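*Asks:* Spelled out from the first residue to the last, the chains are:
There are 2 protein chains.
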Amino acid sequence: MRLDFSVAVHSLLYLDENRPRKIASRELATSLQLNAVMIRNILSVLHKQGYIEGSVGKNGGYQLIRDLSDINVGELYDLTIPPTISYARFITGDSKGAKASDSTDISANISQTLTDLFTLADEDYRRFYHRFTMTDLKRDLHNHGFFRNLVGQNHPQA
Amino acid sequence: MRLDFSVAVHSLLYLDENRPRKIASRELATSLQLNAVMIRNILSVLHKQGYIEGSVGKNGGYQLIRDLSDINVGELYDLTIPPTISYARFITGDSKGAKASDSTDISANISQTLTDLFTLADEDYRRFYHRFTMTDLKRDLHNHGFFRNLVGQNHPQA
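Protein sequence lines correspond, in order, to chains A and B. Numbering that gives the first Met the number 0 numbers the first residue of the first sequence as 0 and each following residue consecutively. Numbering that gives the first Met the number 0 numbers the first residue of the second sequence as 0 and each following residue consecutively.
Honestly, the hints are just simulated from the structure, not real lab data. Computed from a predicted structure; not experimentally measured. Hints may contain errors.
Partial chain A-side listing against chain B, Cβ under 10 Å, derived [unchecked claim]:
#  : residue
1  : H9
2  : Y13
3  : V36
4  : V44
5  : R65
6  : L67
7  : I70
8  : V72
9  : E74
10 : Y76
11 : L78
12 : D123
13 : F127
14 : F131
15 : T134
16 : F145
The beta-carbon is built from N, C-alpha and C at its ideal position, and this holds for glycine as well.
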């Protein structure tokens, strides 16, 4: 879900800002204003994927082991929000072809057309996030509007 | 919700295919494989917005009063799926600034940055749908892959 993406982004920005200090998940949770349990799953994913390093014990905690400029925002989006596996519940018609529900073939064929439309739209949506690195987000954090201007320049018609 | 968009698209395609016959909402519902109650709301929106004409009574029913080539898919998307009003539940941090939850200002500022990111991404997402007319969807319905190829041509890198 989308909150997972925000958890990842927020965590990486916080670890970056506090380098080289080791950060306990409880401290991170305080900054995120979420329960520590809610963020552990994502921290574990970030750890497995080699974004952060973690150690337990008295002096334990998480550290960022990559540069923000090397971390693509779309990469984090794909990691935390997997593509929809089936659009069936958003689609009308009789995709099974079980019933001759109308004589126009629309009912039998619209599922494929809408699935293609939604899939391509989602791919396009993900490409948007892939245009940015975490450095862009960090700049915006310190200077709201930076990101908005960046997109405006790429999309003069927007 | 996204199903509303599919209801609108499917209904318009069905009315187009059956011109000039007047179509009862029950017949439409059969093609959509939905309960008639679930589609009346969207039919009412399409009626108010001047896409379809409807009459009640024995010979009543809906008719499409616009050409598919004049109906933009993004227009239907915007009509049936309004933009998210607040991303608050998808965002971490302390946007109210109520607590000095950390010393880095990330917690207080990330809400604005993520809201801008999500808003711009959504605008971009809607632009994708605006690139097509209902004629494109009709062509794909009769020839699956048409739509996929169309996008491929626009996005050679895809």
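*Asks:* Against each hint, give a clear statement of whether it holds in the structure.
*Replies:* Status of each hint after checking the structure:
1. H9: holds (4 Å)
2. Y13: Holds, about 5 Å.
3. V36: Violated - the Cβ of V36(A) stays beyond 10 Å from chain B, reaching only about 14 Å at its closest.
4. V44: At 15 Å from the nearest chain B Cβ, V44(A) fails the 10 Å test, so the hint is violated.
5. R65: Status violated, d = 18 Å.
6. L67: violated (12 Å)
7. I70: Because about 14 Å separates I70(A) from the closest Cβ in chain B, which is outside the 10 Å limit, the hint is violated.
8. V72: Hint holds; V72(A) Cβ to chain B Cβ min 8 Å, cut 10 Å.
9. E74: violated (14 Å)
10. Y76: Nearest chain B Cβ about 9 Å off; hint holds.
11. L78: violated (16 Å)
12. D123: holds (5 Å)
13. F127: holds (5 Å)
14. F131: Because about 8 Å separates F131(A) from the closest Cβ in chain B, which is inside the 10 Å limit, the hint holds.
15. T134: violated (13 Å)
16. F145: holds (9 Å)
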